[in-house]
Amino acid sequence: MSEREQVLGGREVRLLPSLLTPQGKRAPAGLIALLLTVGIIALMVRSYVQSGELITLEVNGKQWQVRTHQQTIGALLREVGLDLRSEDIVLAPLDAALLEHHTVAVQKALPVLIEADGQVVEHYTHCEQVLGLLLEAGLNPQPHDVVMLDGDPVGLDSPLRRHNWTPSRWPLIQGLVERLWVSTESAWSRLRLQRAIPLSIIDGGAQVMIHTVARTVGEALLNQDIALYLGDRVRPGLGTLLSAGLHVEIHRATPVAIQVDGRTVKTRTQAQTVGQLLGETGIALLGKDYTTPGLDVEITPDTTVHVVRVIEAWVSESEDVPFETVWRPDSGLQLDQQRTDQAGEPGVRKRRVRIVYENGEERSRMVTEEWIEQQPTTCIMSYGTNIVVRELETADGVIRYWRRIRMLATSYSAATAGKPPDHPLYGITRLGWPAAKGVVAVDPRVVRLRTEVYVPGYGFGTAADTGGKILGRWIDLCYDDDNLVLWKTWVDVYLLEPVPPEDEIRWILPDYPRERR
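Residues 1 to 517 in the numbering used here are what the sequence shown lists, from first letter to last.
These are computed hints drawn from the structure, not numbers from a lab. Hints are not guaranteed to be accurate.
Mimicking SDA-like on lysine to any residue, the simulated pairs with C-alpha atoms at most 20 Å apart in a straight line are [stated by the list, open to error]: (1) 266 x 308; (2) 437 x 459; (3) 469 x 431.
Bear in mind that the values here come from a model prediction, so they are computed numbers and not experimental data.
Could you put the whole structure together from the sequences, leaning on the hints where they help?
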């Protein structure tokens with residue numbers, strides 16, 4: 001046998017290496033003797049325990065096998081650390097003798113902390129369900145009350161939660177060492193009875209009665225899924241503690257929209273009028289700002305209020321004042337000659353204008369003041385009245401004329417004059433003459449009817465017709481239907497003698513149409 005093995009009581013015992021010195025030498029004799037003594041005692045204890053009676057211990061339905069030298073049930077229970085209360089039930093007298101293979105049954109009462117009606121009491125029970133426990137404790141739950149067991153809501157028929165008991169002093173032998181078991185006693189269950197309070201809620205004129213276990217008004221509304229919106233008012237306030245018979249009123253805010261400064265604000269309000277709404281939302285009207293609908297209009301659900309921003313601007317405008325032209329005859333000037341004696345100058349008219357803008361767009365413009373800043377200067381013109389008869393060699397011979405006018409020449413015939421052949425006036429001129437070559441149409445304000453004219457390339461003609469479009473410096477040359485020559489050109493038209501009376505002469509000719517050069 002090696003140095004590390006010994007025989008103890010007929011058993012082979014292996015010594016731990018730690019009993020040897022680091023150099024491999026034997027430990028002191030005293031230490032070895034101590035260890036041998038402890039081993040012997042452990043063997044003796046184990047032998048003692050195994051010589052005890054084998055008993056089945058059943059606590060709340062859970063069983064343990066126990067060997068004991070105790071003579072009575074009470075002594076056994078004390079040995080294993082099972083403290084009994086008056087509420088616990090042992091299914092045999094405590095002084096009853098223990099027999100081999102005897103079963104000792106114990107029903108421990110469940111410890112419960114009951115919180116109800118403002119008090120917390122300790123209670124021990126053998127009830128299986130919540131309702132029995134409450135009735136046993138003298139508490140009568142009402143239909144809307146709420147029961148909380150260990151923090152969780154439960155029904156009255158819910159089972160109670162029992163905690164397992166484990167022996168706290170139970171001698172066992174493992175190897176050579178005695179071990180004492182230390183375990184938790186049965187934990188307390190906590191049961192809370194929350195009494196429901198009757199509560200009257202008036203929501204927008206509709207009344208409903210509820211029962212609630214909430215502490216405050218806000219919590220009660222939340223539990224009932226009653227939604228509150230911005231602007232809603234609750235009286236009494238949400239933080240008010242509930243009491244029996246309390247009346248809660250919800251004043252619902254009205255949903256509205258406000259269009260202001262280019263944006264739309266959707267909100268809810270307790271305001272009764274548009275003016276109150278603006279004050280509530282902090283929207284100010286400045287100057288001539290206004291709203292649609294008006295400030296005194298009562299608000300209804302989904303009202304849209306338009307805030308119109310009004311800005312007034314004053315501007316100065318100016319425009320020319322046309323000058324007047326005064327014509328004066330001058331016998332020193334030949335016919336159709338003109339002279340400017342005084343140049344005309346336009347005047348200046350100014351005005352002050354008030355422009356009103358609504359939401360950035362011009363809405364109105366009004367002249368508030370107008371005056372002449374500068375008077376116009378009259379234009380004074382002289383026109384010639386000296387008529388000189390001249391001669392001109394033409395392809396048709398020498399002519400004598402007293403006036404030459406630059407005119408636009410066109411041509412027509414009876415068939416192109418615009419009247420159908422069956423018209424009573426078909427082919428008849430203004431003077432009642434037949435439409436034929438030698439007749440010209442003119443503006444009588446420029447060329448007097450019956451005036452003899454000469455048109456180069458056309459020949460001689462008489463102003464005997466007019467036309468709706470023949471105005472100013474325009475002459476229309478008539479042809480027969482079978483020899484129509486189309487004209488559209490500017491020519492010099494000569495007015496032949498005799499010279500008409502002065503009161504039948506248009507001294508200043510119109511300037512239309514104008515020849516493009």
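Evaluated hints:
1. 266 x 308: Satisfied, since the Cα-Cα distance of roughly 17 Å is no more than 20 Å.
2. 437 x 459: Holds: residue 437 and residue 459 sit about 10 Å apart, inside 20 Å.
3. 469 x 431: holds (17 Å)
In this structure, none of the earlier numbered hints is contradicted; all agree with it.
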